[in-house]
Structure formats: structure tokens, C-alpha cells
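Which chain is which? The protein sequence lines are A and B, in order.
If you're matching positions, the first sequence starts at -9 in the working numbering and goes up one per residue.
If you're matching positions, the second sequence starts at 785 in the working numbering and goes up one per residue.
Everything labelled a hint here was simulated from the structure, so no lab data went into it.
Just so it is clear, the structure is predicted and the values come from calculations on it, not from any experiment.
Please note that the accuracy of each hint is not assured.
Claimed, not checked - These stretches of chain A come out as covered by chain B in the derived footprint (C-beta under 8 Å, 3 or more residues):
hint	region
1	50 to 56
2	98 to 109
What the hints assert, rightly or not - Just a sample of chain A residues kept apart from chain B, beta carbon distances all over 12 Å, derived:
hint	residue
3	G26
4	R46
5	P68
6	G86
As the list claims (entries may be wrong) - Estimated spans, in silico, between C-beta atoms of each pair:
hint	chain 1	residue 1	chain 2	residue 2	range
7	A	D90	B	G1020	50 to 56 Å
8	A	T10	B	A1153	26 to 32 Å
9	A	A78	B	N815	15 to 21 Å
Glycine residues also receive a C-beta, built at the ideal position from the N, C-alpha and C atoms.
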Amino acid sequence: MRVYSDAAKEHFTNPRNVGTLSEPDGKGSDANPSCGDRTTITLRVSSGRVSEIAFRTFGCTAAIASASQVTELALGRPVDGAWALEPADVLNALGGLPPDKEACALMAVGALRAALLDARVRT
Amino acid sequence: MRAYFDHAATTPLDPEVADAMSRVLRDVYGNPSSIYSEGQTARALVDQAREDVARALGAAPNEIVFTSGGTEADNLALRGTLRARAAEGDGLVTTAIEHHAVLDTAHDLAHEGRARVTVVGVDKHGRVEPEAIERALDRRTVLVSVMHGNNEIGTLQPLARIGAIDREHGITFHSDAVQTVGALPLDVSRVPVDLVSVNAHKFYGPKGVGALYVRTGTRIATLQTGGGQEKGRRTGTENVAGIVGLGVALRIAAAKRAEESARQARLRDRLIEGVRGRIPGAVLTGHPSERLPNNASFCFPGTQGEALVVALDLAGFAVSSGSACTSGSTEPSHVLLALGLGREVAQGSLRLTLGRGTTEAEIDALLAALPPIVARLRAVSAVPV
């Protein structure tokens, strides 16, 4: 198998925060046009923090693991702190991804930022 | 527990083949071209293998050219024919579901200006209509290349009918039979095919050795120049151990074929029925009956192939998908797209290919493991199913 870290395999096998929140404060998507993978994140903000978050991903192991990981990193953070999350933070938390899969972390962060931006506009 | 369901990719070496090869590697070092006894010992082994391969195909020994595998056999067939018949024409007709070894070679020849390539489409089951091949022929056509059994979806092609059309027009007919030789009978004394590609590691032989059957009288040019081995058609000192392995492997495969292919077909049908009964929306790809006895291939809308492969690997199963998802770009399989499937459906492809070691217990274990994996990936998926 392509070498995935134990953390990536764990997130892939038991993804956290799967789903779509109803009437979220923010909703955002990102896609990787080169492969057709895409992720949608919905979230709620209360007292300036990400209080609820959920994701859906159509894509490969790395895309699912990255999205699951980014929701775990964002949950409970102040909005500014969540906004500051970078692909490198996702990669570090996952213990790395295969080099040809690092774009998947970018997509996860892209979906998170789109959702946060949406929440900022709406609230 | 590990269960191997990727016999279309490669098969484990048969122990009898391994024994025969290791004896050669240990004890036979002579060059088959040398006239003293060490060389002649090696020559005799190569000749025996040539007879074994010829017998399995219904061919004569001098019609067998050993190569480094299926890819080289396909290249030799296409490039060698186009070069040998260049004075007569440059038309090459092939199909949309060929292996890359044929399709990319055809495109390369076209790019170099050495062939006009016509690619004929297939129906939703992956079958090529012989009439569609006939319509694609013109006075400049010198070669038709149609695979026997497809490596991804297992669909078998009506070689006899296509070959009869080609023969009527004096056109060389090549078939990549890499997936079928060993699994299904292909008798060149009855099927009008002029060139057939064979690959040892698809029937429990070694990697790195194959053969091209070249019907007597078929004009074909060599791709490499050198010492003139294989009657000048594929020059280079013979891979003696590999060739011996090919011969033994094909002899064993031919002896086991009738019983083993029927057994695998029964297990394949159990697998197909089980998947269809347990997984909503599962799409069987390939022909419902005219397919390789060991191939069960599907698309599961709402899933992505790489994720299916990794999830099954973690559960103990070695499988493959037509969507490779490498280097950050997933190009859906050209075979699945040729069937008319949408790109997103084609991304969720899974190929399960059985072999001699496959048991009913393994089929049932796979049928237990797969449905929850598909359900999980669909639950995560952003795609409505």
C-alpha cells in the first residue's frame, strides 16, 4: 500500500465529525480540479469559537483523513485561530502524507476557510 | 489474514515453475548460441519451452518469439508490422479499451507519422462489434489490434469473427491475449489471428518474460538489432531461466485450465451476486457473461477507487481500482469511460480478480468486509447517491 501514517489511516477508518450541520453559521467547499475530489465543511460559531463542525468528502484516503483532521483541529478554537490553520498544521497532525497527496491537506484547509469566511459574512 | 484478489495484476509463481527456474539459474549458464555442450544444454531448454508454448496455443514452435513480457510483445506486433508493411499502407485500427501497451504505442506511431490510427468504440459492456471494425478498414489498413480479454472489466472479444474479416482483406490481425492465455483456450489453428501477445506472470510464471506468436508468413520487422537471436525477430541473448519458467507455467496452466477456470467462474459468480445483493447501486462493469472467469469488476457511485483499495487493504484484502489517483491527479480509467460511464461513477471502480488460491471462504470474507466499507465511504462522501 502507498505508505500512509498510522494517524492518517486512523482518521480514514474512523473519521471525526462526519456529516452536514443543519442551518450552519458557515458553509464552505473546496475541490481539487485535477482529481475531482471535494470537501464541504459546515460549522457553527458561538462566543467567538468554532463550537460545532462537520465535513463531507468525496475523495481518496488522504482527502478524507485531511478533512477529518482539520475539523478536529478547528473544533473549539477561536475563529481567528481556526482561520490561521495551514496545510502544514494538518500534515503535521497527521504525521505527514505521501508527497503526491499533500494537496489533499490544502483542500481541507480551503474548505475550512471558505466556511469561516461564510460565517463571518453571515454573522 | 490476507486474501489476494488482484490476479489480473500478477500471479504468484507456481512452486514447480520456481523449482525449474532455480535449477536453470544454478546449473545452466551456457549461452544458447554457443555450439559447445554448455551452450547446447541451454539451447535444448529454450527449445523445449518453445514447444510447450507452441503446443498450448496450437502453433508451431518456430512461430513463437520470446520477449521481455506483454508490453514488448505488443510493441513488437504494432511497430514491427507497421514497419514491415510500410510500402503497402499505414492504417492501424484498434479499440478504445486496449491496454496502454497497445494504445500508447498506436498513439506514438501516429505522433511519429508512421501510422494513421483509427480507434473503434465499444458498447456498454465493452464489446467490440466486428462490423464496426470492418467499417473502420480502408485500402491503407495493414493492421488490426483487438485484445482478447480486457484487463480491467474482463470482457471477451469475438476474435474469430474479427479475424475472419481481417483475413478476407489481407490485413494482419494482432490480439493482446495477456489476460486470457492460461485461463481460456486460444487455438491459433482455428482462430484466424496472426499475432498474439503472451505474458508469463499472468499465469503463475515469472515477471519479465513473454512471447509473441507470429503466424508463419506474417511480415514483421524487428525492433532491435544485434546478434540475431529468435530468428532475428527479437535479438538479444535469451533469458533462459525466464523462458523455461514461461514454458513450464503455460504447460501447467493448460493442464489445469478446464477445471480451474470453471471453479473460478463459479466463485466469480458467487462474488458478483453477493455484491449486487448486498450493496445498493453497485454497477457491474463488463459483459454479464462474456467475461474472464476470474474477473468481477464494479463501480460504487459515491466512493473513490483509491479509498476503496486502501480500506480493503487495511481489512486484509489486496484489490485494485481503475482510478489510479497518483501524482495528485486521478484520471478515470479510459476503459470505464469508453463504456459510457460518467467520470464520477468511473472514479469509484473496484476490480476483484480471482486465482488458483482463491477459496470460497475468501469470497465470503470479502462479501462480509466490502459492504460496510462502501457504506462508510458513502456516508463520508459529499456526493448524493
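We went through each hint and held it up to the structure:
{"no.": "1", "hint": "50 to 56", "in the structure": "holds (count 4)"}
{"no.": "2", "hint": "98 to 109", "in the structure": "violated (count 0)"}
{"no.": "3", "hint": "G26", "in the structure": "violated (6 Å)"}
{"no.": "4", "hint": "R46", "in the structure": "violated (4 Å)"}
{"no.": "5", "hint": "P68", "in the structure": "holds (27 Å)"}
{"no.": "6", "hint": "G86", "in the structure": "holds (15 Å)"}
{"no.": "7", "hint": "D90(A) to G1020(B): 50 to 56 Å", "in the structure": "violated (35 Å)"}
{"no.": "8", "hint": "T10(A) to A1153(B): 26 to 32 Å", "in the structure": "holds (27 Å)"}
{"no.": "9", "hint": "A78(A) to N815(B): 15 to 21 Å", "in the structure": "violated (57 Å)"}
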